[in-house]
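If you're matching them up, the sequences are chains A and B in order.
Per this note's numbering, the first sequence starts with residue 1, numbered consecutively.
Per this note's numbering, the second sequence starts with residue 984, numbered consecutively.
No lab work stands behind these hints: they were computed from the structure.
The beta-carbon is built from N, C-alpha and C at its ideal position, and this holds for glycine as well.
Be a bit skeptical, because a hint or two may be false.
Residues on chain B that point at chain A, a partial pick, calculated with CB under 8 Å [unchecked claim]:
1) Val1144
2) Tyr1155
3) Ser1156
4) Gly1159
5) Ile1160
Stretch-level coverage of chain A by chain B, calculated; a stretch enters the list once three of its residues show a Cβ under 8 Å from a Cβ in chain B [said to hold, decoys possible]:
6) 626 to 640
7) 792 to 800
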Amino acid sequence: MAITYAVLLFLIFYSFQPTLSLYEDQVGLTDWHQQYIGKVKQAVFHTHKTGRKRVVVSTEDNVIATLDLRHGEIFWRHVLGHNDVVDGIDIALGKYVITLSSEGRILRAWNLPDGQMVWESSLHGPKHSKSLLLMTNVIIEKDNVVVIFSNGRLHAVSCIDGEVLWNKDFEAESLEVQKVIQPPGSNFVYVVGFAASSQFEMYQINATNGELLKHESEAFSGRFSGEVSLVSSETLVALDSTGLILLRISFHEGKISIQQTPISDLVEDSPGPAVIIPSSIMGLFTIKINAVTIFIRVIGKGKLEVVEKANHETAVGDALSLSEGQQAFALVQHAGRDIHLTVKLAHDWGGDLLKESIKMDQQRGLVHKVFINNYVRTDGSYGFRALIVMEDHSLLLLQQGTIVWSREDGLASIIDVTTSELPVERAGVSVAKVELNLFEWLKGHMLKLKGTLMLATPEDIAAIQYMRLKSSEKSKMTRDHNGFRKLLIALTRAGKLFALHTGDGRIVWSRLLQSLHKSEACQHPIGLNLSPWQVPHHHALDENPSVLVVGRCGPSSDALGILSFIDSYTGKELSSSRLVHSVAQVIPLPYTDSTEQRLHLLIDADKHAHLYPETPEAISIFRREFSNIYWYSVEDENGIIKGYALKSKCNGNVDDKFCFDARELWSIVLPSESEKIIATVTRKMNEAVHTQAKLIAADQDVMYKYVSRNLLFVATVAPKASGEIGSVTPEESWLVVYLIDTVTGCVLHRMTHHGSQGPVEAVFSENWVVYHYFNLRAHRYEMSVIEIYDQSRADNKDVWKLVVGKHNLTSPISSYSRSEVVTKSQSYFFTHSLKAIAVTSTAKGITSKQLLMGTIGDQVLALDKRFLDPRRSVNPTQAEREEGIIPLTDSLPIIPQSYITHNIRVEGLRGIITVAAKLESTTLVFAHGLDLFFTHFAPSRTYDSLTEDFSCALLLITIVALVAAIFVTWLLSQRKELQDKWR
Amino acid sequence: MEKGKGVMGSGRRWAVDFSDNSTAPSSRDIPDPPGFTRASVDQDDSTVSRQKKDAESNWKAQKAWEVAQAPFKNLLMMGFMMWMAGNTVHLFSIGITFSALWQPISALQGVGKVFEPYKDSKVELLGPKLLFIALNLGGLALGVWKLNTLGLLPTHASDWVSSLPPAQEVEYSGGGIPL
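Produce the complete structure using the sequences and hints provided.
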């Protein structure tokens, strides 16, 4: 047996069932949790005199939430499933929030104060169509009625209990219903739409019983282009498909008239087609020609008049009904660093109800949406508050010319995360906001001591807790000894970078990337990938680290790429470039140049490799390693995995010496009729592995791990079984897993799980992979582990050779030289379905590993890797038990204390990221989804540091007391001795 | 000493010993009175003193052998203790093992001192010393064996490979599903 084994045994002995849970007073010490809702799509204010003022919002992340209008906090929030998109929301009876979701199939009512669901009804219809929600003031048998048009059917639903009162089908094949309108004070609704894009249809329907009152239609010589604006309860404005002619459609008293006005008549120098911005402001509508927003008024008998042309970016809000049929609407215009919020009356363009100018943070970008709400001031005039949604998805409330609150909801849609070290602490630079003075320090320690000795009063305990939570130590802007303080750099879907401090989760800086900004050349820029670019170690004091953001001009794979380099400490965009090639893959290479910039290989859609940074030094480093660099691509649609090597300079581009052609080395073609790739996973590039040997204590043996960065885990399922769980029978469903060496294309291991099905969540670390799937036969989720060992080095067992160093265990190895591997695997049942899976990572890789699983309940559950050890058996021997092998059980235990998110839910959990701290025992865990959660996690407890509640003061006092006692007793004994001598 | 005791031994109710005990080793138990020097008497009678010296060296040799054999008992004791401690690593077994290692080592360090009292030109101390050393080495071996059974000796391949970092790979490959 081995020394290390004995030491390990000691560790295991102490951490046999590691207590991962925490005490109540430890919550919030190292963890933080932030709640977000995503980009707001629709907002409805609820500002009755009684009760708290709130706003109900629905977002693009399928969240329904009510926010406190005073502070922007979430009162309640419901996250609907990813396929349950919210189509419309409204407030009914002043106490229910009505939501229409899931393409108009589900209508729900939530209790406004507490968010409890009151009722839910499902609406079905004959065909797919637009979903419209209209709150009517029609009352049938004391029930308020909400009218819904969805899936080709008009439904009237009671607001009280969700009962469908009547419904009516609109089955005409090509009818596309655009609007459902209730003229004020009437008890009928108009359903208007286009049939076959060239015919206007109008149905008048009795809202009390669904009876068809009138049906008219009118053909139009051209074609309609979709969107419409409502300018009165019986007049619409639309555009024809060329975007050059405005159509004013009136259906007053059942008579349809279509009046055509070419835009060129209204706007002299109109350059190109217009787009209508859907709205429903009485007598006014908005069109947009390129970047110019044009407001057009409808006067009297079909006359149109341009009231304003705005060249600045402008956002227009929907109409808000004031008293006596007056309507107000808001528009927000950008002017340099300021935004101008204007609230106008619909019928009176000149008279502004409100004109405010607000200084806006440049990093929020343009205003995308504006929602207004009015209140009556003490002098009887109207005041307005505006909720605006910015380009970076943040949400702000403006009132009386100031930003009352803002929410960084862009953080709800993180694409990629990386970390960066903080600046090194320099002498003479005070970084803490408030340096504690000696008195406060002493006071703090006295309080702590009182707490330890159980003398503290409840106030003292509260003070101690406050002190612990607000410790300036954890939120400093410098590196700490343990490596707990870092910057989490997150790229969001809006193209904004955020740097969060791991201590308290605050935003250190944020930057809306100019290179990911919409422009002429780049219409739909998206961020793809974030990776550390430069991590200075040698010049850590005077150089800042930087990160690389890779983006693309559009969703298609051949869109041109964008690179942007950002300083990690300040968020400044150091440089950015538009690439002349597309970006299909970003491969960070394990080489850095003399300035410690990491070499990156960008693969474009034509399989050319482009080297960055484009410096002669980089190319010389690259040349040296040229023959050892390979890459592979997984084409999951056609089930082919291909491996490439670099060949030569690109043929096409003469000048570009940073471009290389690829040579196809190998390809694995999976039979498309029986296998479909659903998951691939590789090891993390920066993972530290402490040892290559796995000690088998039972027979005093050693096995050599097959530790390779070039391993790829691929999971495939039967094409039939790629749908939902339960859509196939066990006989026609299987899951095949592969372990592939990506240099040679050698399949090292292949295993079939019959009767199993995806989705597969997998994690690869060291020499093992753990994956999660569904077993159709057992009707349960399963988790399997595969461990892979190198058999070709197994004969390195002679102790003497090892002692004198005559072995080949540390000599570099090539994928071409070895292929003898042994795998061990085992499967277990598991209760939860998973959203994400990750593994802890520590600085040196010595600490035992735990799996972190994002459960369906949006929590993060830690599970010791020892539960997924293929050597588990039903009756392990004494030696195996000592080694820490747990007796085999058919299912993996879920220990309630090992939820590292304790009682918190990370709503919409998408990813778990683990980062090693400098302290070997500790991993930093960051889970993101809609919410963000961060905590420190010690897989084998913090064996290398004192716990946070260790009282240094008590230790010091004990030592002082002991020294004093020794001194006193020494004095006493001296005196006694003297007396004895005199006797 | 035993000789004297034998003479004074039990059985008889009383006895008067007329033999001159002044030169016998037993008389050394009683310190000589101040001012009295025995040397002058000894020198007078060389045969008596030679006899006396022989007896003393005999006794010393006997004693030396006894001392040399003493670790044997210790060895048995240690063996029993080790058996009691079991083969798992915990405070007790480690304590026993380390004391089992420490005792022979300290004894070996003090070999000279242990045999100091029996040093004599006539006494052959090599034999007892060798026995003493052999027995202590046996104790040490027992300790080392125990250490090994506890798994605290690097005698297996695993002890040497576990500190080796994973080998470097020549090739590097990256990629994945296109973004």
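So, going through the hints one by one against the coordinates:
no., hint, result
1, Val1144, "4 Å, holds"
2, Tyr1155, "6 Å, holds"
3, Ser1156, "4 Å, holds"
4, Gly1159, "6 Å, holds"
5, Ile1160, "5 Å, holds"
6, 626 to 640, "holds (count 9)"
7, 792 to 800, "holds (count 4)"
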